[in-house]
Amino acid sequence: MKKAKTRLLCAAMALCMIIGLALSGCSSDSGEPGGGQDGGDTGGGANRSVTIAMTGDVNTWNPWMYNEIVANSIQRHIFDSLVDVDNHLQQIPSLATEWSTPDGGATWDFTLREGVTFSNGSPFTADDVVYSFERCIALNKGWADATATIAEVQKVDDLHVRFICNGVDAILPASVKNIMILDKETTENLDDAGLDTTVVGTSRYVLDEYVRDDHTTLKVNENYWGDKPEAETVTFRAMSNDGTRTASLIGQEVDMIMNVPVTDVAMLNTKDYLNVVSAPSIGVMFYNLAQTVEDPSKDAAMPLKSPDGSNPLNVKDVRLAIVLAINNDELIEKVQNGYAIIAPTCVPEGFNGYNPNIKDYGYDPAKAEQLLDAAGYPRQGDGYRFEITMDCTNDRYINDAATAQAIAGYLDKVGIKVNVNAMSRSVFFNYVRIHDETDNTHFYQAGWSEPSGESVLLARDLLYGTTLQGRVKENYGGANRGYYNNPKVNELIDKALATSDYNERDAIMQEVWQIAYDDVAMFTTFFTSDVYAVNKRVNFTPRADQFILAWNFSFPA
Amino acid sequence: MFKTIVQRFFQMVAVMIIVTMLVFAMTYFISNPVYLLLPQTATEAQIAQAEAELGLDKPLFVQYGIFLKNALRGDFGNSYFYNRSALSVILEKMPATLELVLVTMILTVLIGIPLGVFAGARPNKLSSKLTMAGSIFGVSLPSFWVGMIMIYVFSLMLGWTPVSGRGELGSILGIRTSLATADGWRHLILPAITLALSNVASIIRLTRAGTQEQMRQDYIKFARSKGVGTRQVLFGHALKNTLIPVVTILGLQLGDLIAFTTITETIFAWPGMGKMALDAISSNDRPIISAYLLMVSAMFIFINFVVDVLYTLIDPRVSLGGE
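These protein sequences, in sequence, are chains A and B. For the first sequence, the residue numbers in this note's numbering are 1 to 557. For the second sequence, the residue numbers in this note's numbering are 1001 to 1323.
Chain B with its partners taken away, still in its complex shape:
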């Protein structure tokens, strides 16, 4: 186990190095940010000065070396448009995204898994069929459209929730978050549901398929014939064996949510990392783009690793070393 973890660690480092190259190349080739920073009328001298200040006048491999060296120290340089360190900008936006993701993931697990289990256990009931039909919409409707419809129905027609923004912030363990106030929750719930919708739907479908398969197995029949209660059969035996693919997908969804809440955040004017990343790309704010991409890739690699470890806990037959 330990040996495998060390091996995986080195694999992760190798992947990260390749990612830094890709990130550097991508931000480098998009275009020169100097022309967006300076007025249209800037002279060659001003451009040369700005390039020198940003270190863009050095040869490509030198720039990459500096980029790598600074990245290792967690220093991605100052954001061109915020004029503060890129990392501090990202860290400032992170709570807003994480609180949204947390609520979304809780909704996904609490709604998706039970509904999936019931739909799998009782495939012929009307409620199961309704669930499955609804899940088709969940997986196929694009989130920008769902977001607008949500605002339209719940904010404008019914007036239950505010249209946009993060609302009043409170403090939990020193972190300023919407989760600490009632007003914050009212602002949070609509974007969270929008984000959760497609995730819930795919979890339902995945859990249902797994449960259906498990229900045909002999051990379920045996448990039933022995007189074990329905709830125990479903959640104690069948669910445990369907969880492996579900946990994999949940892990990927978590990464996806943290990294790519972009569209939902933009629509709900939620000041999180996704909106920041979008703004950074359109204004070619290289330090932020590269810091963000590196952080996201590191996170994905880490989540995949955690998911692998989780397998062993869920299913004793799986071992990391493959022995």
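Same shape as in the complex, but just chain A:
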């Protein structure tokens, strides 16, 4: 009797607690945020500070070490490069006021801005440019690709530098924009640890406080050479957990969060003090199909299995059928909650070489089936035409594994059996590398983004020929794991890389993308959208390359 009573009591209490928790969970949506006004940044119009929750932090203040988006974005507040880009990724002058090439890209002359000083008062001269490039090139780390074509940087006089290229680089300014300029006098004798504590640049902000992996606080650089930004202090907070970022925004501890989970958007939209801002990014999901491989690897753990042992991906109509079988609109709507835009090719609008005539292949499963039948791959007894494995990541891009699963579903409907082989990014990028004849990868999904605004660089990495024996040209075709190898395309890419005239290059590249589209060299599904949620006390203008810049914030009256 006593025991039963105790048990009853316990059960009743458990019930109470559960109900209590559930109620506390429901009563949220209408209520005003509780508070958390400790940040001191939630005041009125006079307060010109902004706090931003990022997904990570700056690991080192040596700007030449790593190429990583969050760190690049924060470091850009302190350091300048010779060339900058605007919000539409078009090149604009920065520490250099003008640049030109007298000989079609073999040498480049840059005129430097006069009267610029570093935040510690040291003057900016050509010596600093030469020093920064030499040290970055010697380091040979995150920006090795960007500096690969630079043979030498020469000082002409205090306000002029000349770049000598290895061969011809007609788009050198697009690479130069990535290399930050540091002061030679201040940093020449510092090692990496020294660079971590002596942070001196020429840009709009100076470092005020830095607690690694917690926050970075910047304040306006009084010596800045250009227009001063509206925000006087900026704090970047590091929050890797999605829920924590959302909670901090609702608690009004931060003014903006990046990478809003699409599942939180509807809830955030109900808050009248918040705006959800989305912008198409340059990040594209792309797919390679292993063609021009006569015999698909039979040693692979998960080989490509077709009834007659041939490689169906060699047939252009089969590749086309695969693309036609996928419903991109539905994929964007269902998997990405609408936060993506359709990608007919991997070239974002506004890039050099963007071809407006190329439209999405469309969704036509009936035609896909016809093409597959005609190509000699009819449905077999089990209902499938052939079986293939799709390699993809499950922790690298937004909803990457879900996207791959959805694509497998579409292909299943037209009789292609797709085994999704999802793995962590720490394994994936090794797994899908072009190794040798025992290559495992026949079909894979990955993401790509090229912030230079030059589609020729996209083509160089994604389209330039590769074969199972290796690359046709060293350093080219590094992400062409579909072994697409069209000599005409290779030739045109070479030509574009040597064409310094913007319009000429644009015309060549438009042709390249048309050929690749007609060949179904590879295919793309969508450009992901960057989603931000912003407190209404500030306005924010996103930039296509995901850089979050304090001067893109303004304060409404």
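By construction, these hints were calculated from the structure, which means they are not laboratory data. Please read all numbers here as calculations on a predicted model, not as lab measurements. Don't take each hint at face value.
[Stated by the list, open to error] Calculated lysine-lysine pairs in the DSS-like style (CA-CA distance at most 30 Å, straight line):
(1) K184/A <-> K155/A
(2) K271/A <-> K536/A
(3) K1058/B <-> K141/A
(4) K488/A <-> K473/A
(5) K334/A <-> K359/A
(6) K473/A <-> K1058/B
(7) K141/A <-> K1069/B
(8) K1240/B <-> K1003/B
(9) K141/A <-> K155/A
Starting from the structure of chain A, add chain B where the hints point.
Structure of chain B alone, referenced to chain A:
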């Protein structure tokens, strides 16, 4: 006693050697970190160069030898992503974790033990039953969920505490810590309570069981009949005899907290070692992973040793040598 301590020391060394092998093998077989460090388009030559720089091109046993040699000198190599020595990265993060653990352990002892003693001494009182029912939630609710609910209730609904971060740092004995400022404490208290919750619950249950058992013993009856006050009976006599298992568990909890505050730190964006370890694993930062795992294992071995020594102090019948 001395002989036993020396014996235990050699046991500890043997265990550590086995641990280094495991740690090395684990980090080695996860995958090659070079592919995460270089761009997707890297050529074979660039990969070979990067592998040579990191010493990954040498035979396995040579790599292990280098790893062991450097580890003995406290040098685990430079973190791939921080570009600083792995040990300095860990030492930088350590105060944040230790301050959290310190407050958590104090909460655990101050709340868990008295509540456990009362629940054990007066099992039929309503307050005891409430305590025990509450402790069921404490032990069974997962900490990531509790953390989110805590943020929701105390930060968003009530607005008492900030959502995340470490707050303002002050200085105590030259160490930068949140414990030195009021703002730091406001940031600290929520993650500390989240961490303490399950520990408090298990300490309550353990203490209660021990106390209940002790209360039936003859010496308690004797003490009572002799007129010793309730408080003296409970805390002077009964508690002392229930402490041995409690101290063992507290020791393990301490190790667990220092090593695995991972989830709580991630949720509260607390820049400590747990979050660092998680980031290091996802980016395959081998020097940090191995330094961290070795440090954690050394700590566990040491804590177990200390717990053994503590037994002898609490209970004179226990001797380390077993004679």
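Hints, verified against the model:
1. K184/A <-> K155/A: Distance of about 14 Å is within 30 Å: holds.
2. K271/A <-> K536/A: holds, 10 Å
3. K1058/B <-> K141/A: Holds - the C-alpha atoms of K141/A and K1058/B are around 21 Å apart, at most 30 Å.
4. K488/A <-> K473/A: holds, 14 Å
5. K334/A <-> K359/A: holds, 22 Å
6. K473/A <-> K1058/B: At roughly 29 Å apart (the allowed maximum being 30 Å), K1058/B and K473/A satisfy the hint.
7. K141/A <-> K1069/B: holds, 27 Å
8. K1240/B <-> K1003/B: holds, 28 Å
9. K141/A <-> K155/A: Holds, at roughly 24 Å.
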